[in-house]
Amino acid sequence: MTEERDVALKLLHTADWHLGMRFPSFSEDEQLTLMRARMEVIDRIAGVADSNDVDAVLCAGDLFDSPKPEEDWWKGLCARLAAASGRRPWVLLPGNHDPLVEGSVWDPEHPFRRALPEWVHVVDRDDFTLELTSDASLFAVPCRSASGDSHLVDKIPPREEGDSSIRVGMVHGQTFDVEGFSVNFPIPKNAAADRGVDYLAIGDTHAFREVPPGARYPTVYPSAPEPTKFGENDAGFVALVFFPRGRRKPIIRRERVGRWRWVEQECTSIEELRSLAASDDLRRTVLRLVPRMKLGAEPFAEAERLLRSMAGTQATHGTVGVLTVDREDFVLDTDDIEAAFEDVPDVLAAAIARLRQVEDTEEGPTARRALYHLYRLVKEAR
Amino acid sequence: MLLRRIEVRDFGCIGRARVRLGGGLNVLYGPNDLGKSTLASAIRAALLLQHNSSGAREFVPWGTERKPEVLLEFEIDGRVWRVEKRFGYPSGGSAKLSWSNDGETFTQQEEGRAVDGHIRTLLQWGIAAPGGRGGKHGLPTSFLASVLLGEQAVPYRLFETSLGGDADDSGKDRLAEALSALATDPLYQDVLTAVQGRVDEAFTAKGKPRSGKASPFAKVAAEIKVRRGSLEDLERQVEQTDVVVSRLSELHTLADRRMGDLAAAKEGLEHAELDRKRAADRAALAEEVERTRGQLDTLERNKAEVDRLGNERREIAAELPKAETALETAAAAKEAATKALSQLGDGDRDGDDSVDTAAALAVERSEAALRDAQAQRAEAEAAHRALEEWSTTNVEVAEQRTAFEAAEAKLAELQRVVEAAEAEANAVAEAIRWRRRADAEQQVHGLEAKLADFDQSLARADTLEAEAAQLRREVEAEALPSATDLTRFRELGKSLAVAEAKLGGGVWLDAALHESVSASVAVDGGAAQPLVSGSPLEGNAQLRVDLGERGHLLFGGGSAEAASDAKAVRAQWETEVGAVLERLDAADLAAVEQRLHDAEQRLATAKGKEEEAKTQRRLAAGRKDTEAALQDARGELDRAAEACGDLDEGRAKTRAADLSSAELDDARRAADASLERHRDDRRGRRDEIGEVRARLEVAKERAAAALRGLTPDGEAADPEALASAIEARRGATEQAVEAAKEALDEAVAGAASKAEHLRAAREAAREAVEGATASHDEAATRVRELRDTAAKAEAALDVRREQLQGTDAMALAETFARLSDALAAAPEPTEPLTEERFETLQAASRDAELAADEASAEVRKQEGALAHVGGQVVRENAERAREALDAAVRREAEVELDYRAWKLLLETLREAENEEGTHLGRALADEIGERFAALTDGRYGGLELGPELEAKGLLTSAGEQPLERFSEGVKEQLATILRVSIAEHLQGALVLDDHLAQTDPSRTGWFRELLAAAAQRIQVIVLTCRPSEYLGGDDPPAAVGQDMGELIERSLPNLRPADA
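Chains as they are written, first to last, in the numbering used here: chain A, 1 to 382; chain B, 10001 to 11060.
Since the hints were derived computationally from the structure, they do not count as laboratory data. Every residue gets a Cβ at the ideal spot worked out from N, C-alpha and C, and that includes glycine. One thing to keep in mind: the hints can contain errors.
[To be verified] Just some of the chain B residues that point at chain A, by a computed CB distance under 10 Å:
#1 Val10869
#2 Leu10909
#3 Gly10969
[Stated by the list, open to error] Simulated crosslink set (DSS-like; lysine-lysine; CA at most 27 Å straight-line):
#4 B/Lys10607 with B/Lys10219
#5 B/Lys10450 with B/Lys10266
#6 B/Lys10266 with A/Lys155
#7 B/Lys10624 with A/Lys75
#8 A/Lys68 with B/Lys10410
#9 A/Lys68 with B/Lys10266
#10 A/Lys229 with A/Lys75
#11 B/Lys10903 with A/Lys294
#12 B/Lys10952 with B/Lys10303
#13 A/Lys155 with A/Lys75
Produce the entire structure from the sequences given, and follow the hints as far as they go.
Structure follows, in structure tokens:
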């Protein structure tokens, strides 16, 4: 680790908070849980900033999920920023989800702007600059629309001849530059070097990435501090950036702040499911569970009980934070189901036999579910 | 079912009959041909035959036109029904159906044709409503009608029918229900109840999916609808994005092409400019070469001049000594001549002095006058020149003024342009203010409408909640018993009916009083009536004789234990049910059930209203935000309206028409830019005017100075008058000079005549002097000229030498050579470039730049549009919406699968139940088999019956045998056992009309016990001519016998054939 005296500048770089983002695939309660998590992570970001005593916190866009979020979100953010230490500036950059447009939360007339503490700066002009230290400056350019192909980074003034100060750039956009593939606010991979910035703080992609890895003048996505969907594997971080004296290459360290994980997992046996259900570290997990099993009536019922315990009920918390189950390959094995119905009255035995016959028709899944219903009822009645 | 009373009049052979029937075994006996079977027919007709049926003709007493009449009272589920029919075909008949809860007071239920439909519904014997099969053309039949009211003739014909031959399934269903209820397994019942409950959640009684708010399908279907709508909106936005992106791509291509065109045009122009520069460079070089060449020529000339001046100086130096010698000689000659002249002048001095003096004076005066005149002429000339100077200055002033006025005119034109630009900028600014206010108004109106919708929803919610609360209060105020209580009440009612039925069987009282006794009697709990001797009374279960102060006598049927049980049950009934009925002012439990059903309906309505209220409140959930948004929007509108101020509405609206805010902003930027450009032009023009004005002021000052020179007092004078005066003065002074000259000439001539002689001498001397002087002067001049020439030559030589010394001839030559080389090396223009060609290229470059600007502007516009439609953000939102829809669809499939499974399970359970329970033959087989085996001492086994009770054969030791092979006695015994069993299961009344005609006495005893046992549970009415088979014996059953001979009054006692 670089010695403190050797560090000329320390920054915390974050992006893509997406405050107010909804998760319509889930229930209202689950949505609220996940939405609130996006706000709660800001306190941890502030904590990391404090513990590392950074000189500034750079927030590189898409901080809200829309340019005109509901009051709860901007008021909540105001409260958290007001509670943060005022010893360092926080710089908020409009992204393509929350572009700087008239009437947006970034509008100087918006109550959000008026309520912000003085140490919070909003990038609301193309020539935004902020002196971070006596020898370091920030240059930032906001998104002014939800979409566009302009090179925002080109608006950062190039380094002048003889300028040896630390220059940090901040824009929101995409570095993906496959030929013929349209991207939003493209950022050339060599933009940092071209514009003479020692570090280019960007946002948009929700995974932690350094583009390209190991560059002399790094361009970094810090990732979304809480993931927004399945498949965002490297999300949940902020970037801590240490600039050694003498304009040497900055040292970048990613720091986890997110608490939620989004996991997709298959389960192919009841034992596996038991093990998963017994796990006590899934309370902050959004789990998409795909049981691929064909179980007899009793283990099938056990599996259903386990799934219920994982999901929770109105009366009890589940062991999984948010659970969604893909039941397509979760099948009741009826081969020996008669054994599960010993000593039932003739009429029930006749009903079971009829349902077994229906199993061979296109109503097979319905018949199997009916058999399972019957199994449960008989079990409960006894 | 219980038959209570039958009365007939003019029915077949019966003129009149009145028979009361009790519960249990009723034995109606009498001899053959009394009319017993006619009475049974009357019961059938009362229950089954329509009053206007042609089938009633057989009941018209022979030889009469009387209308057969029958009245029958029967009890079903605690309610007493009375049917009264008067048969008439094709007309003249009537029918009426009434009901009573106390058996005393009847209320009419139906009349006419509706009577039979209602009765068939009550009976559920498998007889269709009138108008269907077995209609009014005759007495309708069904399996159960044959079982319970079978005709006497051939009882075993019962085996030729079955439930399958009934007109509808009501009989089969009723029997199936009765049989299956007996066999219901508790586990099965629990399962069935649970499954039915789940199915009822999702499906209506007709099996259709529920669509109400409580339906499990509704919530997820509503969610899917919302999700699908949301996704469709987003996909539309994505499509719009794609269109804009595609358009943007095209525009980028176009812009690239335009930029290429621009680059090409600029390149062409740059080439042309390069050629121009080359030509200019070559011209400059050529000029420089020429200048250097001139410098070289000058150098050569200077060298030649130095040579020439050197020669000249040398020549002068050679000539000067000669000239100085000549000068000295001339000076000596001059001195001598001067001396001679001086001597000549002294000899004539006295005589000539006066002449000379006067002449001299005259000459001097004339000369003085001439000098004055010349001086004045000089002044006049000076004034003339000053005038010319002033005139010249005035011309310059006029020119400067013209220039100033032209500049001012241009400035004025620019001012107009600026004002026009300002007007355009103001108009656009007004349009923008107007558009902002219009947008704000539109937003306010939209939000107000939304708020009104919210308020309407809230008001609706309030109303619904109030209505729901009112409904709940109403239901609560009724304090109705629960469904469980009601079920218990029913069970209690059944228990009471059973308990009291056990007391039935009939009691009667025939008082024979020897003296008047004050007593009253009440029959079956009815109203008290005086006890009259010789007037027999009969009741079903109880007679109470009140002896006033002496006490009372209570006569009852049944055992004491049964009476005690009935009392206890009655007390429980009165305590638990009677109180409820009284409180609710309900006639019976059916009324309570109806009210309970009504209450449930109202609660369901209340719940529906509450759900609707919740929905309305959910719909109004965004009211607070909308209110805040409206407040903001109104603030914005106020600001926009204030900004509009003295806005010219019409002009601003017209200007803003068909233009978006972005386009208006573009227009404002363009107008501002244009205004700024024109203002710059105006500032430049004003600077120019300042310079011209300064020059004009200078010229005017010079003119004024010149004028002041012409007018010494400095006062302004008329220039033309001044010019005239100066010209006049010039003429006058010229004339004065001429006159003075003439006067001088005259003076000189006068003086000359007087001193002619002297003058001649002197002239000669003077001429000599002059000659000498001239020679001297000439010599001096020559010397001076030579010296001057020498000095000048020397000076010129110095200058030339100095010039030669200051000029680096070598360097100049090198410069010349270098310039010549550079000129030779300078590139020639690639092509001849005319000014017209250059202007064409410039115009092409400007056009290309304009086109490129337009393409760039269109790109920016489309980028703005892309920002508006959402771009990548809307794609991401659409992706999330699609995932949400997929999840909802999966949930819907899961819910549907779950409830389809419940429904399938219910249907399957029902089918299994039907299969198990509706094989009625199987359900009855054991019971009948056991009874028949008991009758025959095990000789025969059971009767083999099909699912619908079709008789198939009798099981014997030799296997199943067809019934035809057995005797009529066996068949009527089997038929009787079957009828008794069915009647028991149905809890129905059984009418047996001489049913064992072919049975030997050894078996009738067994049937007597069978009927006695059955009569413990049901009503059995036996019509027989052999009452001893039922009433006699060592251990007589609890049977009531009635001698029909006392109850039937025959209409045609001797004309009707005997009914066997």
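Exercise for the section: State the violated hints by number, sorted upward, taking the hints as numbered earlier in the document. Expected result: 3, 5, 8, 9, 12 and 13
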